[in-house]
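Please build the complete structure, drawing on both the sequences and the hints.
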Amino acid sequence: MSTAPELLLIGGGGAMTLSVDVAVQALEQAHARGLRTHVTNTAGTLAATPAVTATAGTTSAVDFGDPAATAGWASARAATGERPAVVFGVREMAQEAVAATAHALGLPGNPTEAVRRIRTKDACRAALAAAGFRQPAVRLCADEAEARAFLAGSAGPWVVKPRDGIDSAGVRKVGGAGELAGALAELPDREAPFLVEEFVEGAEYSVEGVFVDGRPHVLAVTAKEKLEPPYFVEIGHVLPAPLPDDTRLLVEDTVTRALTALELTFGLFHVELWLTADGIVLGEVHARVGGGWIHRMLPHALPGLELYGTVYDDVLGRPVTLPAATRAAATRYFAPPPGRVTAVDGWDEVRAHPAVLHAELHVAPGDVVPGYRCGADRVGAVVVGAPTAAEARDLARRLVDSVTFTVEPPAPAVSVTVEPRPLTSSFQISHMTIETVDIVRLRLLSPDGTTTGEGEIAADSGYGQDGPAIAAEADALARALAAAAPGPDPVAALRARLDKAHADGVSAPARMLVEMAFLDRAARLAGVPVWRLLGLPEPGRVRLLHTVPIGEDIPRDGRPLKIKLGGPDDEDVLRSLAGVDAPLILDANRGWDRQDWERLRPLVTALAPAVLEDPVRDPALLPEIRAALPGTAILLDEGIASPADAEFAVRTAGGLNVKLMRFGGILPALTALTTATERGAARMLGCFLEPPRAIAYAAQLAGLSDWSDLDGHFWVSDDPAVPGYALDSGEPGIPRISYAQDGPA
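So that you can map any letter, position 15 of the sequence shown is 1065 in the numbering used here, and since no number is skipped, the others follow by simple counting.
Keep in mind that a hint or two might mislead.
What the hints assert, rightly or not - Cβ-Cβ distance ranges computed for the label pairs, FRET-style:
#1 G1264 with P1770: 48 to 54 angstroms
#2 A1242 with A1119: 19 to 25 angstroms
#3 H1267 with E1410: 26 to 32 angstroms
#4 S1110 with T1326: 26 to 32 angstroms
#5 P1587 with G1203: 34 to 40 angstroms
FYI, nobody ran anything at the bench for these hints, they're computed from the structure.
Note that the coordinates shown come from a computational prediction; the quantities given were computed from them, not determined experimentally.
Glycine is no exception: its CB is placed at the ideal position from the N, C-alpha and C atoms.
Written out as structure tokens, the structure is:
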């Protein structure tokens, strides 16, 4: 038996090339120091990582997912004389087994409880906060109800994430309560507790280092760059980060104090943090080397550094010298658009560049690029070295950008669901009371299940809208559109197909649902919000009417009021409006006949409302009403469902209320609003009781209307009833409603 000391590398390497490269380097640096090596891993991963098993002296199939069993196996082996000198691991998921085994053998290692604490993200946050370090507010949640309670009691936006995970899998930004369910659906384990924490706004960095004699030593600070939310996929790293010396020293001091407070003493560390307007906010803490090819960047920037060998030398009592950074390095990941790759150009030239430290590309013509939701979705990277951080960053970007991908968007799969949902309160108008609606959602899915386009409406049986029937129509129409080639102009192609569907008798709600999903997809592929894709004016701030259903109290807070009439108490309601200091919009929903109009006329003319909407059932009365109210915009709403109807409303009443659910979507509604604008008619943008996504979709036309009656989501969702909102157009697709600037619009 050899008397050379042994390295026990628990967990070996994972199947990803980066993980294999890390494990092979760790083994090679052990061999260079005369250590024998023994690698443990699951049997399947040992077979899937031949480069690791070939480099290792010996391997054993031991599941590192069970720390106690791993420690027991190692103790039994030590009892036979096979006792390692160093216990180490390079994988995140193996760190508890590494700590437990080192403790069982009486070897240097981190305390098992300290490793468990940092791997349990909420426990790590609590420990750091207790030690006086800035932390975002966080809550461990068992279900959606607990998550919604946290959102209601804290400032957004937020981040949903697994309690324990890697590669940002299942981590998603949430801008409002309406996005929560979608984020929860993407958690890797839907049954496990999860975290919701406040989103931290600031530049993100990580700190790389090693413990020597039990004390942390910072090797470098790394600057990070990520793709746009809602996901948190890292797209680039630069090391050392170009920071002022005083900032860098503050970062290093904060991290070393935090590691000490967390009772970590062994191996490597990778600590994430944000530089915010209020100072340093610490993120996740790891007892391993950072990902993103940082293990290749560090030894280039710090010539002479052997990262893993430093740990072995420290354990074995050999001299340890840590070199200083004299150069820089950068990593840049490829991010071609999702779809089927038909051609790749420029890759060979990148690989041949003399400054490239490592380059890999995992897609070729015929492969499908997924959407980017976590680090595992990235398709390749380039790692370069350069004299300075700026040069390294620019070179990495330039090389990645020089590779061109020709990508054909894959035909999406179609998913349609129907969910009955009670209203937050009853909604009464002249001819019905609404208590519940059907939420119909249509999603277009990429081959990996990523949502590439989404539509959502609410169907109300009181208006003759049958949720299951609409879902069936939309499903059939969407599948037909998905199978057809989009053509060079996806908007024109979609308009033509929807016009044909209209002629074939497909209902307006079904057409709107399909239009939403496909325009959302087209805008995402183009990297722009829908309003920009269609050449619409930016919606900006949307000032809302305050809709008051029949029988409800009338607020007097200065907001424009839309008063629902057509009930038995109209006279009392109109009298109560005298002296209201707010623009008045009266909506009778065709609830008056001639006798009603003649009876109510004195009260209406005395109020001189800004708008009188759908006053009577008989259009023949409209000229008389217009003459009696010369300063009032008369609008037609009920039955206005096509450009021809819009022309009738403009001609007979001088104004119209456009509702996308009646017209079949933005495209036909846009035609009607354009006609009204050209004729100088009054224009209102209206809605039914609809979910926030449908309201945000309609609100993209707000720049073409005089009045925005788009508050129907307040009865359908938990969103706060506010006087106005903006659309967050920072991301491609259908913008979200943003309440960040609540207050008078």
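Hints, verified against the model:
Between G1264 and P1770 the C-beta distance comes to about 51 angstroms, which sits within the given range of 48 to 54 angstroms. For the hinted restraint 19 to 25 angstroms between A1242 and A1119, the CB-CB distance of approximately 21 angstroms keeps it satisfied. Our hint of 26 to 32 angstroms for H1267 and E1410 holds, since their Cβ atoms are close to 30 angstroms apart. As the Cβ distance of S1110 to T1326 is approximately 46 angstroms, the hint placing it in 26 to 32 angstroms is violated.
In this structure the supplied range 34 to 40 angstroms holds for P1587 paired with G1203, their Cβ-Cβ distance being about 37 angstroms.
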